[in-house]
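Could you put together the complete structure from these sequences and hints?
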Amino acid sequence: MAKKLLKGCEAIGEAAVQAGCRLFFGYPITPQNEIPEYMSGRLPQVAGTFVQAESEVAASNMLYGAAGAGCRCITSSSSPGISLMMEGLSYIAASELPVVVVNIMRAGPGLGGILPSQGDYLQATKGGGHGDYRLLVLAPSTVQEAADLTMEAFDLADKYRNPVMVLADGLIGQMMEPVEFKRHIEPEDLPAKPWATTGARHRPPNIINSLYLNAEELEQHNLDLAAKYRRMQTEVRHGTYQADGDLDVLIVAYGSVARIARSSIDVLRAKGIRVGLFRPVTLYPYPAEALVEAALRASRVLVAELSTGQMVEDVRAVLQGRRPVEFFGRMGGIVMSAEELAEQVEKLVTVAA
Amino acid sequence: MYSEIIMAGFGGQGVLLIGKLLAYAGMKSGMEVTWMPAYGPEMRGGTCNCTVVLSDRPVGSPVSRTPHGAIVLNLQSIDKFEATVRPGGVLVVNTSLINREPRRGDIRNVLVPANQIALEAGGTKAANMVALGAFLGVTGLVGLQPVKDVLAETFAGRQKIVQLNHVCLDKGFEIGQSQSALAGAR
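Keeping their order, the protein sequence lines are chains A and B.
Residue numbers for the first sequence follow my numbering, so the first one is 1 and each next one is one higher.
Residue numbers for the second sequence follow my numbering, so the first one is 1001 and each next one is one higher.
Worth flagging that the hints you see were computed from the coordinates, not collected in a lab.
Computed from a predicted model, the values in this text were never measured in an experiment.
Treat the hints with care, as some may be off.
The following residues of chain B were derived to be distant from chain A, with all beta-carbon distances above 10 Å [said to hold, decoys possible]: (1) Glu1032; (2) Ser1061; (3) Pro1062; (4) Arg1100; (5) Arg1104; (6) Leu1119; (7) Thr1124; (8) Lys1125; (9) Phe1155; (10) Gly1157; (11) Gln1159.
Below, computed lysine-lysine pairings styled on DSS-like, alpha-carbon distance capped at 30 Å [unchecked claim]: (12) A/Lys126 to A/Lys228; (13) B/Lys1125 to B/Lys1080; (14) A/Lys4 to B/Lys1148; (15) A/Lys193 to B/Lys1080; (16) A/Lys159 to A/Lys228; (17) A/Lys3 to B/Lys1080; (18) A/Lys182 to B/Lys1160; (19) A/Lys182 to A/Lys4; (20) B/Lys1080 to A/Lys182; (21) A/Lys4 to B/Lys1125; (22) A/Lys347 to A/Lys271; (23) B/Lys1148 to A/Lys3; (24) B/Lys1020 to B/Lys1080; (25) A/Lys3 to B/Lys1020; (26) A/Lys159 to A/Lys126; (27) A/Lys193 to A/Lys182; (28) B/Lys1125 to B/Lys1160; (29) B/Lys1125 to A/Lys228; (30) A/Lys271 to A/Lys182.
Backbone N, C-alpha and C define an ideal beta-carbon position, used for all residues, glycine too.
Here you go:
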């Protein structure tokens, strides 16, 4: 297929269709409205169904039902709407159902604003809803990657029977870039889901449930989930830019900030500063081993986020004090410029010298 | 090659469209491109704008505080973006709606009565095309033909619109080229 110029939101919608997903449930909220807008036009073309639910709570429970029936399904929302979906997501995680959830983050807390932010990192990577569960979390940095990771999210969701979140922000959602859809999957070619509740004629009934009143049974369920999350650790992936060899500073950033950091690095490298980028693509599981390897070749680490400092907690936990970890963040919907991030790096280098 | 361009004007002047045309034509010419709209409260009332980055390498930041070029179609936009253009950059000014002189001496100011030219050609709605044409005429960043091709694709089946816009692109392009030649002669 030839390259198209698409918004991140549109690319995510088309990627879901190309992945064989035919069901979308959601409720409008800026800055992700182009996803439901796209799906409302696109899904009927492929005999799919678009449902604008009465609320995000309803949408997440529609997702719960559709996934239980064995269908590939997706929802998208933005920060406050994702919070409303958390009850349903916890049930879905408990019931081990494959769904894809897209969060195009906006600035918070509360209703906040509609501009880009990365303030939902902790919510996304530490479970988010009640109970004790994890989502697989994928963080695209380009529109192409938003498409690729959305397609992959469906495969990972099916593989682990676990909800997968595509975590991006208003910048990735609203910007246009060339994108190519590399795979095409028809729903009927997807592997069977023998656990799904599709009608129990000629077989014993399947039960999808998250209620375990017996403590021993529930603890065993918790242990099984924990074992699954350990198996998911093999899915870690990351990207780097100019991060070979010894470094004065290693920038750690994901999503939109990671691409801004590339611009900063070009400027800094031209000035002779040895700076590189480590970019987690999976935020859960976190690419810990690769981060350690890159960070140990650097004198210091700078974590840059559009938040007051969330991923930096994971970076510090991974590095365990082996390298100084500094933080730089912008908030409120202000996207840091490549120049101001470069200034932060230069400050660190000056302090060290 | 690496260039950041901001296009700004009132909502309805078609700045998002000329940004998309520039990005699409850049992509078809083999460049790496991004198009980023300002979608926040800054759009309300004042200016609507978008940023296009054209590059021969993958694009990092899709937003710019110091663009290499700006196309400003109304007064608010020149007030907001004139100061941000990098020294040596290009500022295309729609003099039909901007009744003040440009203030920068260290950038190339391209003065185009875009609304007037578009009106003479058949409709002021195509003033954005005159301005884009002028920008292309001065900078040569992307060829005129790929932009025309993309426009014809975008408005397939609406021959009148395509024709008017093509004429306006041409007229703007000529002005851009002549002003570019003047600058060269100095």
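Here is what the structure says about each hint:
1. Glu1032: violated (8 Å)
2. Ser1061: violated (4 Å)
3. Pro1062: Nearest chain A Cβ is 5 Å from proline 1062 of chain B, so the label is violated.
4. Arg1100: holds (28 Å)
5. Arg1104: Non-interface label stands for arginine 1104 of chain B: nearest chain A Cβ at 20 Å, farther than 10 Å.
6. Leu1119: Leucine 1119 of chain B clear of chain A: closest Cβ-Cβ about 30 Å, beyond 10 Å.
7. Thr1124: With a cut-off of 10 Å, threonine 1124 of chain B remains clear of chain A, as the shortest Cβ separation is near 26 Å.
8. Lys1125: holds (22 Å)
9. Phe1155: holds (16 Å)
10. Gly1157: Answer for glycine 1157 of chain B: holds, closest chain A Cβ roughly 19 Å.
11. Gln1159: With a cut-off of 10 Å, glutamine 1159 of chain B remains clear of chain A, as the shortest Cβ separation is near 23 Å.
12. A/Lys126 to A/Lys228: This hinted pair holds, its Cα atoms lying about 15 Å apart.
13. B/Lys1125 to B/Lys1080: Holds: lysine 1125 of chain B and lysine 1080 of chain B sit about 23 Å apart, inside 30 Å.
14. A/Lys4 to B/Lys1148: The given pair, whose Cα atoms are some 17 Å apart, holds under the 30 Å limit.
15. A/Lys193 to B/Lys1080: violated (57 Å)
16. A/Lys159 to A/Lys228: This hinted pair holds, its Cα atoms lying about 11 Å apart.
17. A/Lys3 to B/Lys1080: Outside the cut-off at roughly 34 Å; violated.
18. A/Lys182 to B/Lys1160: violated (37 Å)
19. A/Lys182 to A/Lys4: Holds, at roughly 12 Å.
20. B/Lys1080 to A/Lys182: Distance of about 41 Å is beyond 30 Å: violated.
21. A/Lys4 to B/Lys1125: holds (26 Å)
22. A/Lys347 to A/Lys271: It holds: about 14 Å lies between the C-alpha atoms, which stays within 30 Å.
23. B/Lys1148 to A/Lys3: holds (19 Å)
24. B/Lys1020 to B/Lys1080: holds (21 Å)
25. A/Lys3 to B/Lys1020: holds (15 Å)
26. A/Lys159 to A/Lys126: Within the cut-off at roughly 20 Å; holds.
27. A/Lys193 to A/Lys182: holds (25 Å)
28. B/Lys1125 to B/Lys1160: Between lysine 1125 of chain B and lysine 1160 of chain B the Cα gap is close to 13 Å, so the pair holds against 30 Å.
29. B/Lys1125 to A/Lys228: violated (59 Å)
30. A/Lys271 to A/Lys182: Violated - the C-alpha atoms of lysine 182 of chain A and lysine 271 of chain A are around 38 Å apart, more than 30 Å.
The structure fails to meet hints 1, 2, 3, 15, 17, 18, 20, 29, 30 from the earlier list, while all remaining hints are met.
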